[in-house]
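J.: Okay, here's what each chain looks like letter by letter:
Number of protein chains: 2
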Amino acid sequence: MASNSPISVNFFALVQEDLVRVEELMRSQADERQPDLNAALQHLLSSGGKRVRPAVALLSGRMLHGDWERLVTLSAAIELLHTATLVHDDLIDGSFLRRGIATLNSQWSPAATVLTGDYIFARAARLAAATDSVEVMRLFAETLATIVSGEITQLFSGRGNISRENYNQRIYAKTASMFELAAAAAALLSPVGPELVETMRGYGYSIGMAFQIVDDILDFTGEQATVGKPVASDLRQGLITLPALLYLNDFPDDRDMNQILDGNHIEEVVINRLISNIRESGAIHRALQEAERYVQRGLELLSVFPENSERQALEDLARYFVSRQF
Amino acid sequence: MASNSPISVNFFALVQEDLVRVEELMRSQADERQPDLNAALQHLLSSGGKRVRPAVALLSGRMLHGDWERLVTLSAAIELLHTATLVHDDLIDGSFLRRGIATLNSQWSPAATVLTGDYIFARAARLAAATDSVEVMRLFAETLATIVSGEITQLFSGRGNISRENYNQRIYAKTASMFELAAAAAALLSPVGPELVETMRGYGYSIGMAFQIVDDILDFTGEQATVGKPVASDLRQGLITLPALLYLNDFPDDRDMNQILDGNHIEEVVINRLISNIRESGAIHRALQEAERYVQRGLELLSVFPENSERQALEDLARYFVSRQF
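In the order they appear, the protein sequences are chains Z and D. With this note's numbering, the residue at position 241 of the first sequence is 223, and numbering never jumps. With this note's numbering, the residue at position 6 of the second sequence is -12, and numbering never jumps.
These are calculated hints, taken from the structure and not from any lab test. Model, not experiment: these values are computed from the prediction. We put the beta carbon where it would ideally sit given N, CA and C, even for glycine. Don't take every hint at face value.
Claimed, not checked - Computed list of chain Z residues with no C-beta within reach of chain D, every gap over 10 Å:
1. Q16
2. H70
3. L73
4. I74
5. A84
6. T98
7. R105
8. S115
9. E124
10. S131
11. E133
12. T135
13. R218
14. N240
15. N290
Unchecked claim - Simulated DEER-style distance windows between Cβ atoms:
16. Z:E14 x D:S215: 45 to 53 Å
17. D:A84 x Z:E147: 32 to 40 Å
18. D:Q24 x Z:A21: 35 to 43 Å
19. Z:Q294 x D:S139: 33 to 41 Å
20. D:S28 x Z:S88: 19 to 27 Å
21. Z:D18 x D:Q241: 50 to 58 Å
22. D:E5 x Z:Q294: 22 to 30 Å
23. D:Q89 x Z:E147: 52 to 60 Å
24. D:A(-5) x Z:I144: 49 to 57 Å
25. Z:N246 x D:K32: 44 to 52 Å
26. Z:S291 x D:D114: 35 to 43 Å
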């Protein structure tokens, strides 16, 4: 939990009790006749996610006077959708740890892991349907298609791609689409018209883009112990994120960088030199500036709403996205 | 296609044009920016499914004067849901052929196969949402949960289980639940009350149970060339279906059978002897009688509706389910 930051404490405090209910609802989704599945779900939900997506949905819905029960249901649906995609992601990447905790696929067969992900998808879809809104369901299904389509693109053609458009599409599919869903679906469950739904969609999009850019920055600047994976794990896999893109822009002839782009095997000493160079270049700072621009855009969109504690919390949350250290 | 049977020709004829539209709708679901995914979807949809689930939905909806556009959308959603579960199934089972055609996982990596299944789930969910009915969405999500939960049960505890209750649950989850969805969701999209929705649910359930029992019979009686897999492939994997269950009931001390139940490695000569014994016993006949009872129940449920060509077709379809040879 991001409990060290005073900002985060504020915005979580407002929906603390809601989040307890969301947690209960998620944990109750396992079929009780399936002890293995139940254990898997509890394990996954204990893996220390910050629940920022539910927080976005709950704060958005509270600000717009949405129906509480349906907002809680929506929040659980979104976090379970997120959880299901992580289960299949970890299987695909062959990751054995996430947030320092053993992944499902490190302990289970691929078959059991695929099916557990599918089961969590099914329960997420059921909760989405329980919001009783066809528009929410539609948005939900669209988001799932966007996420999966993005992963397929990455699988077939993502490595070594240095187009900025490709990067933007990738982080939209991977992260921003789900924040967009959280904010827009919460608005759909509230007594507001399509224009404000669109405003909230834009807010979710903006902070989601910022969130992923900061994730990509932290991949370079974080310590392995904090981030829970090797520094620059993306770059090591040939995946070019914003800091590397900006660095390449300044130094198009950098030999180390071009070796990676060529898909060559890179020695540890070379990758460490490149990481050092990127860290010390202006690329990190400019990537952060880009994230801050997205946050700024999110704050502007919020400014049409009356000032109240929920709006304040959504603003704090947006700022936290670029100030967080992990 | 079951074009040799005069019965099947009749019931398909009534919805032939609808099915063309369903086919188009399914094929249009791939993201055009994803040529690989698109190719995979076209391959999967060309694999010769009989489209019985869409036929059930379309005939049910036509009988009840449901909205045509939404029925077509529902039918495509159901067949894609079915397709997605097959993709993950084949991956889990490591099957390289389905209906004699190469499976996706025989040509693609597990990662690509998992994601393609996920993508088809997402598109199925989107089509289900496009029916504009929250009740249909809910039923859809419930069905997905039922199917996946059944697969998980089978994965963890299914082999060697000889309880009749377990068998019924298994074939419900695997097959009948989707026929139930097809008939009930079509009724939900039609101007009828909850009682008739329930009647149609019962019809779908009954013919679905019959369908799977006949599948399990054909696994014993079919020729490898027709069925496209080795005779008694379930039994070879230790999976006990109705013919074997009924045989075991008559011959609880059968040594070959008990070797399989004990999970021992079985020699080819032993399994062939057992298959012969089951084929020549009354078990096959009694399994077929059980399927016929389910069909009878389905026909009784239909009798509350006015006689018309759609009802006739639904009756023919039910009878076809127990008369089919493959």
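J.: Tell me, which hint numbers fail for this structure?
T.: Hints 1, 2, 3, 4, 6, 7, 8, 9, 10, 11, 12, 16, 19, 20, 21, 22, 23 contradicted; others consistent.
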